[in-house]
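Let chain A serve as the given structure and place chain B on it in line with the hints.
Now for the letters of each chain:
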Amino acid sequence: MSIQVWTWILVGITFTLYIGIAIRSRAGSTKEFYVAGGGVSPLANGLATAADWMSAASFISMAGLISFNGYDGSVYLMGWTGGYVLLALLLAPYLRKFGKFTVPDFIGDRYYSNVARSVAVFCALLVSFTYVAGQMRGVGLVFSRFLEVDINTGVIIGMIIVLFYAVLGGMKGITYTQVAQYCVLIFAFMVPAIFISIQMTGNPIPQLGFGGADENGVYLLDKLDGLHRELGFAEYTSGSKTTLDVFLITAALMFGTAGLPHVIVRFFTVKKVSDARKSAGWALLLIAILYTTAPAISLFSRTNLIETVSNEKYEKLPEWFSNWEKTGLIKFDDKNKDGRVQYVADVSKNELIVDKDIMVLANPEIAGLPNWVIALVAAGALAAALSTAAGLLLVISASVSHDFIKKMVNPNITEKGELVAARLSAVVAVVLLVILVFIHQILSLPQ
Amino acid sequence: MESENRKKYWKKNLKYLAILLSIWFLVSFGFGILLVDELNSIRFAGFKLGFWFAQQGAIYVFVILIFVYIRLMNKLDKKFGCNN
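For the protein sequence lines, the chains are A and B, in the order given.
Under the numbering used here, residues 12 to 458 are what the first sequence spells out, in order.
Under the numbering used here, residues 1193 to 1276 are what the second sequence spells out, in order.
Please note: incorrect hints may appear among the correct ones.
As the list claims (entries may be wrong) - No more than 20 angstroms apart at the CA atoms, straight line, and that leaves these computed lysine to aspartate or glutamate pairs for DMTMM-like: (1) K252/A with E1230/B; (2) K108/A with D1269/B; (3) K252/A with D1229/B; (4) K108/A with E1194/B; (5) K111/A with E43/A; (6) K283/A with D1269/B; (7) K324/A with E241/A; (8) K282/A with E1196/B.
As the list claims (entries may be wrong) - Facing chain B, from chain A, some residues (calculated, C-beta under 10 angstroms): (9) F221; (10) A224; (11) D233; (12) A245; (13) V284; (14) G292; (15) L295; (16) A299; (17) A305; (18) A307; (19) S309.
Claimed, not checked - Here are some, though not all, of the chain A residues that point toward chain B, as calculated from beta-carbon distances under 8 angstroms: (20) T92; (21) V96; (22) A99; (23) L102; (24) G222; (25) G223; (26) L231; (27) T254; (28) V257; (29) F258; (30) S285; (31) R288; (32) K289; (33) L296; (34) T303; (35) P306.
Rather than coming from a laboratory, the hints here were simulated on the basis of the structure.
Fair warning: this is a prediction, and the values are worked out from it, not measured in the lab.
The beta-carbon is built from N, C-alpha and C at its ideal position, and this holds for glycine as well.
So here's chain A without its partners, still in its complex pose (with noise of 0.2 angstroms):
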């Protein structure tokens, strides 16, 4: 079966999946629509929040920035786990402790102003927003590149989907979703990694494999260095940012992950404070296996790119190439009209320009895994997309309906009346984003 089939498939069973669960947990009041009752078991709510906090820029994104940057990227490994730290020791049981359904609840009850709730609502709604954006160019990439079906319908695929189970389900739906989601994500984002860490370590563990060497026993970090320093680039582990600034930039990634609105709410929606620690704790060790696999996979793929195209004539490269070249995402130039593909850090004599957010797509096509392999992949990127959208649209409507309906415009407001600002303000968010995307589509269109 072809990979456009095979994606249908997958796609199709696990979309069903999660409108299946959203009709099973239909939210009846606002309890249940913004903190899913508060009953969820911290286990439930740990897998929840891995898939709430992993996006498309973890699942998609993240090994390529590796893939390209070597141990500068290791800014985001260490910047968002640890931010996640700060958070679950910080934040999550004093939040939960006071006991509310949202950041500006607690902001504004803290410090007794409404100014300073208004302040939260809006940094809410402008985060949730802007990232909101970023999950929907995932999913669109993954439905034009998978599905060769038009971008911009993609995005409005994705957000219906999303839009449903929201709406729907409130928090009560989309936690559980979410569960189901951690599991589609983790799975896709882990078999390609363990084939190709047999592949080229024989260690089916990628976070071992890592440290292994090849079939001539040359350990792969080592033949990385290498290659790099053949075409010029900065060694693979040593990078080419100074002390400071991946100092400061792992900083500002940690003090930014520990504020994620969709993240801190997830903790409102266990029993007590002893469940929200214990669920922060499954939460990171979930993160963490796609967090330590990650890498592996960027030094797989990095090696496996310049092998399979460096000094490559034309057109003996593989399919894949093509395919990626025909979204614009890979291109090639030859500069020197010798048919072959010069890759190398000198950017007058560099011919081929990879955008580093395919790495992860193309990576099991890359090593030639099986087409299943390559769906699954993208299954799992939709996953990791839209669970946290899902969390995202959660904030913005509670934030409308809750801090601003409730609490500042009409506090008389009855429960079903806030229900239904909830939801409605979840549709007029997904109506106002997928504007957005058209006004940047046409903006951007000459390109």
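What follows is chain B alone, placed relative to chain A:
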């Protein structure tokens, strides 16, 4: 909880946080960034040690830190008889 106990509980809590966050800083900013070049002269398997901390080790330690924190706090809660 009485205010005396509450103070003790909070003090203990802060002490745990200080220790755990020092380790957090040491493995990431310390081993993974500031001391990375020095540690890179030490090798195990195919890894340079500093590079390993930056891309693997720090994350493993982070996970352990949170589970140690859970254990310590649960014990503390029990000792002071507070379940929430």
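Structure-based check of each hint:
For the proposed pair K252/A and E1230/B, the alpha carbon gap of about 17 angstroms is at most 20 angstroms, so the pair holds. Of the supplied pair hints, the one linking K108/A and D1269/B holds, its CA atoms being roughly 13 angstroms apart against a limit of 20 angstroms. Of the supplied pair hints, the one linking K252/A and D1229/B holds, its CA atoms being roughly 13 angstroms apart against a limit of 20 angstroms. Of the pairs offered as hints, the one joining K108/A and E1194/B holds, with about 18 angstroms between alpha carbons and a cut-off of 20 angstroms not exceeded.
A distance of roughly 13 angstroms separates the Cα atoms of K111/A and E43/A; the hinted pair therefore holds under the 20 angstroms criterion. Taken as a hint, the K283/A and D1269/B pair is honoured in the structure, with Cα atoms around 12 angstroms apart against an allowance of 20 angstroms. A threshold of 20 angstroms between alpha carbons decides the hint, and for K324/A with E241/A the separation of about 19 angstroms falls inside it, so the pair holds. Among the hinted pairs, K282/A with E1196/B is inconsistent with the structure: their alpha-carbon atoms are about 27 angstroms apart, more than 20 angstroms.
The criterion of a C-beta within 10 angstroms of any C-beta in chain B is met by F221/A, whose closest approach is roughly 7 angstroms, and the hint holds. A cut of 10 angstroms between beta carbons decides the hint on A224/A: the least distance to chain B is about 6 angstroms, and the hint holds. At about 7 angstroms, the closest approach between the beta carbon of D233/A and any beta carbon in chain B falls short of 10 angstroms, and the interface hint on this residue holds. About 13 angstroms separates the beta-carbon of A245/A from the nearest beta-carbon of chain B, more than 10 angstroms, and the hint is not met.
At its closest, the beta carbon of V284/A sits 6 angstroms from a beta carbon of chain B; the interface hint therefore holds under the 10 angstroms criterion. Among the interface hints, the one on G292/A holds; its C-beta lies about 5 angstroms from the nearest C-beta in chain B, closer than the 10 angstroms criterion. Nearest Cβ of chain B to the Cβ of L295/A: about 5 angstroms, under the 10 angstroms cut. The hint holds. A distance limit of 10 angstroms between C-beta atoms decides the matter here; for A299/A the minimum to chain B is near 5 angstroms, and the interface restraint holds.
Restraint check, A305/A versus chain B: the minimum CB separation of about 9 angstroms is within 10 angstroms; hint holds. The criterion of a C-beta within 10 angstroms of any C-beta in chain B is met by A307/A, whose closest approach is roughly 9 angstroms, and the hint holds. This hint holds: S309/A has a C-beta 8 angstroms from the nearest C-beta of chain B, less than the 10 angstroms allowed. Taking 8 angstroms as the C-beta cut-off, the interface hint given for T92/A holds, the closest approach to chain B being about 5 angstroms.
For V96/A, the shortest C-beta to C-beta distance to chain B is roughly 5 angstroms, which falls under 8 angstroms, so the interface hint holds. At its closest, the beta carbon of A99/A sits 5 angstroms from a beta carbon of chain B; the interface hint therefore holds under the 8 angstroms criterion. Violation of the interface hint for L102/A is found here, the shortest Cβ-Cβ separation to chain B being roughly 12 angstroms, above the 8 angstroms cut-off. With its C-beta approaching chain B no nearer than about 4 angstroms, G222/A sits inside the 8 angstroms limit, and its interface hint holds.
At a threshold of 8 angstroms, the smallest CB-CB gap from G223/A to chain B is about 6 angstroms, leaving the interface hint in force. Annotation: interface hint on L231/A holds; nearest CB of chain B at approximately 6 angstroms, less than 8 angstroms. The interface hint given for T254/A holds, since its Cβ lies 6 angstroms from the closest Cβ of chain B, which is under the 8 angstroms cut-off. The beta carbon of V257/A is positioned within 8 angstroms of a beta carbon in chain B (closest approach about 5 angstroms), and the interface hint is therefore held.
Given the 8 angstroms rule on beta carbons, the hint for F258/A holds: about 5 angstroms separates it from the nearest Cβ of chain B. Checking S285/A against chain B: minimum C-beta separation of about 6 angstroms stays under 8 angstroms; hint holds. For R288/A, the shortest C-beta to C-beta distance to chain B is roughly 5 angstroms, which falls under 8 angstroms, so the interface hint holds. With a cut of 8 angstroms, the hint placing K289/A at the interface with chain B holds, because the nearest CB-to-CB distance is about 6 angstroms.
The interface hint given for L296/A holds, since its Cβ lies 5 angstroms from the closest Cβ of chain B, which is under the 8 angstroms cut-off. Hint status for T303/A relative to chain B: holds, with the closest Cβ pair at about 5 angstroms, below 8 angstroms. With a cut of 8 angstroms, the hint placing P306/A at the interface with chain B holds, because the nearest CB-to-CB distance is about 4 angstroms.
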